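> Given next are the chains, with one letter for each unit.
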Amino acid sequence: MTTESNKNRTLLAVMGDEDTITGMLLAGIGQISNEPNKEKNFVVVNDSTTEEELANAFTLFTQTRDDIGILLINQHVADKIRILIDTFTNPFPAILEIPSKDHPYDPEKDSVLRRVRRLFGE
Amino acid sequence: MSGAQNREAVFPTRMTLTVMKGKLKGAQQGHSLLKRKSEALTKRFRDITKRIDEAKRRMGRVMQTAAFSLAEVSYATGGNIGYQVQESANKARFKVRARQENVSGVYLPQFEPDIDESINDFKMTGLGRGGQQVQKARDVYTKAVQTLVDLASLQTAFVILDEVIKVTNRRVNAIEHVIIPRTENTIAYINSELDELDREEFYRLKKVQEKKQIDNARIDAENKAKKEARLAAEAAAGNTNEVKEVEALAAKAEGGDLIADTEEDVIF
Numbered sequence: 001m002t003t004e005s006n007k008n009r010t011l012l013a014v015m016g017d018e019d020t021i022t023g024m025l026l027a028g029i030g031q032i033s034n035e036p037n038k039e040k041n042f043v044v045v046n047d048s049t050t051e052e053e054l055a056n057a058f059t060l061f062t063q064t065r066d067d068i069g070i071l072l073i074n075q076h077v078a079d080k081i082r083i084l085i086d087t088f089t090n091p092f093p094a095i096l097e098i099p100s101k102d103h104p105y106d107p108e109k110d111s112v113l114r115r116v117r118r119l120f121g122e
Numbered sequence: 001m002s003g004a005q006n007r008e009a010v011f012p013t014r015m016t017l018t019v020m021k022g023k024l025k026g027a028q029q030g031h032s033l034l035k036r037k038s039e040a041l042t043k044r045f046r047d048i049t050k051r052i053d054e055a056k057r058r059m060g061r062v063m064q065t066a067a068f069s070l071a072e073v074s075y076a077t078g079g080n081i082g083y084q085v086q087e088s089a090n091k092a093r094f095k096v097r098a099r100q101e102n103v104s105g106v107y108l109p110q111f112e113p114d115i116d117e118s119i120n121d122f123k124m125t126g127l128g129r130g131g132q133q134v135q136k137a138r139d140v141y142t143k144a145v146q147t148l149v150d151l152a153s154l155q156t157a158f159v160i161l162d163e164v165i166k167v168t169n170r171r172v173n174a175i176e177h178v179i180i181p182r183t184e185n186t187i188a189y190i191n192s193e194l195d196e197l198d199r200e201e202f203y204r205l206k207k208v209q210e211k212k213q214i215d216n217a218r219i220d221a222e223n224k225a226k227k228e229a230r231l232a233a234e235a236a237a238g239n240t241n242e243v244k245e246v247e248a249l250a251a252k253a254e255g256g257d258l259i260a261d262t263e264e265d266v267i268f
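Line by line, the protein sequences give chains A and B. The first sequence begins at 1 in the working numbering and counts up one residue at a time. The second sequence begins at 1 in the working numbering and counts up one residue at a time.
The shape of chain A in the complex, shown without the other chains:
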């Protein structure tokens, strides 16, 4: 629960399809810089993106970078790297699954809600 290292986590990152990225960038969360590993805080995912690329991006945003406070990820993208997300237990950055235009929100698949239900099932 270190507050100092988490004070720097001010950015939001997005991993999603083009429409989601467009919308988020319109809201103004995009940040581009010249530092290595911190060039872009968004990743456009389409049908040709491999799971490895997704996994790399996820690791980059959650572990390598220390300035991401919230990671937004489309639910259908999250499904591809479900294992990584389920095993990610740090409180920062907060992983939020959002629906996309083609894939409406499905509470059954959400990692956090699954944990909630597991706790109440006990």
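Please keep in mind that the hints were generated in silico from the structure rather than gathered at the bench. What you are looking at is a predicted structure, and each value in this text was computed from that prediction instead of being measured. Please note that a few of the clues may not be correct.
Every beta carbon over 12 Å from chain A, so not counted as near; a handful from chain B, in silico [stated by the list, open to error]:
#1 N6
#2 T18
#3 H177
#4 I179
#5 Y203
#6 I214
#7 K224
#8 K226
#9 R230
#10 L249
Result set (EDC-like, lysine to aspartate or glutamate): computed pairs, CA atoms no more than 20 Å apart in a straight line [said to hold, decoys possible]:
#11 A:K109 x B:E54
#12 B:K143 x A:D19
#13 B:K91 x B:E112
#14 A:K101 x B:D139
#15 A:K101 x B:E72
#16 B:K25 x B:E8
#17 A:K38 x B:E87
Now the stretches of chain A that chain B is said to cover, found in silico as 3 or more residues with beta-carbon under 8 Å [unchecked claim]:
#18 13 to 25
#19 29 to 39
#20 65 to 74
#21 94 to 108
Just so you know, even glycine gets a beta-carbon here, dropped at the ideal spot from N, CA and C.
Assemble the complex: chain A is given as a structure, and chain B must be docked to it using the hints.
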């Protein structure tokens, strides 16, 4: 894990008994306090869980509205503005600030939206076709992101609380099933050892008393025999010679100095 035979290794003295008793009291108090903390946290946890559930469903609807507004933009601008938007992203206008909130002893982070109004690098708004739609979409999405930020705060609080509750429950159980039985066993052991020491003392005392009694009885018997011998001698003759003999006999019987000895019927 049988706590029946476990006890701490201490010397069974009265001081350690007092120390152990203090420890037991402390452990019992700590246990009840921790239990109360755990219950308060669990209540808070359930509350947060319900809010997360509601918020997530709300978010689903919000995102859908936002997606519609984006579709309107594409319709109005006649094409896909995705590329332009991506290229024009430079400095993040919308950032978040983490604030620590103290909830029954646990520091939960809260995300607050931090909007820098000075950054405005969209040259698309106001210009050309669809500027109005772009602006509207931007507003809708900003609101959507704010909802998302709230949701993220809830989620982080949820995860941290989960961890803290587990740790607290573990401690409660440890105190209840390990520490308290151990301390109770130690106290019982010390008490039993002290009792045994007392019993030994008592036994020793009794034995000494017994010996003393035997000695006293023996001395009484000897004195009685002496007295009888003297009386018998005086009654048998008034002769000084015989008295001297008797005295010599008496001296031999007593085995000591006649002068130094004090007779029982001489009162000084």
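> Now tell me if each hint is right for this structure.
Hint check:
1. Against chain A, the non-interface label of N6 of chain B holds: every CB pair exceeds 12 Å, the least being about 29 Å.
2. A cut-off of 12 Å between C-beta atoms confirms that T18 of chain B is not in contact with chain A; the least separation is 38 Å.
3. The beta carbon of H177 of chain B is kept farther than 12 Å from every beta carbon of chain A, the shortest such distance being approximately 19 Å.
4. Chain A leaves I179 of chain B outside its interface by the beta-carbon criterion, the shortest separation being 25 Å against a cut-off of 12 Å.
5. Residue-level check passed: Y203 of chain B sits 58 Å from the nearest beta carbon of chain A, beyond 12 Å.
6. Non-interface call for I214 of chain B relative to chain A: holds, since the shortest CB-CB distance, roughly 75 Å, exceeds 12 Å.
7. For K224 of chain B, the condition that its CB be more than 12 Å from all CB atoms of chain A holds, with the nearest at approximately 89 Å.
8. For K226 of chain B, the non-interface assignment is confirmed: its Cβ lies about 93 Å from the closest Cβ of chain A, beyond the 12 Å cut-off.
9. With a least CB separation of 99 Å from chain A, R230 of chain B remains clear of the 12 Å interface cut-off, as annotated.
10. Every C-beta of chain A lies more than 12 Å from that of L249 of chain B, the closest at about 102 Å, which supports listing it as non-interface.
11. Restraint check for K109 of chain A and E54 of chain B: the C-alpha separation of about 16 Å stays at or below 20 Å, so the hint holds.
12. For a cut-off of 20 Å, the pair hint linking K143 of chain B to D19 of chain A stands: about 17 Å separates their Cα positions.
13. Note on K91 of chain B and E112 of chain B: the hinted pairing holds, with a Cα-Cα distance of about 18 Å set against a maximum of 20 Å.
14. A distance of roughly 18 Å separates the Cα atoms of K101 of chain A and D139 of chain B; the hinted pair therefore holds under the 20 Å criterion.
15. About 13 Å separates the Cα atoms of K101 of chain A and E72 of chain B, which keeps this hinted pair within 20 Å; it holds.
16. For the hint linking K25 of chain B to E8 of chain B, the alpha-carbon distance of about 16 Å falls within 20 Å, and the restraint holds.
17. Among the hinted pairs, K38 of chain A with E87 of chain B is consistent with the structure: their alpha-carbon atoms are about 16 Å apart, no more than 20 Å.
18. Note: the region 13 to 25 of chain A has 7 residues with beta-carbon separation from chain B under 8 Å; the three-residue rule is met and the coverage holds.
19. Given a C-beta distance limit of less than 8 Å, the hint that chain B covers the region 29 to 39 of chain A holds, as 4 residues qualify and 3 suffice.
20. Counting residues of the region 65 to 74 of chain A whose beta carbon lies closer than 8 Å to any beta carbon of chain B gives 3, which meets the minimum of three for the stated coverage.
21. Figure legend: the region 94 to 108 of chain A, annotated as covered by chain B; annotation consistent (10 residues with Cβ-Cβ distances under 8 Å, at least 3 required).
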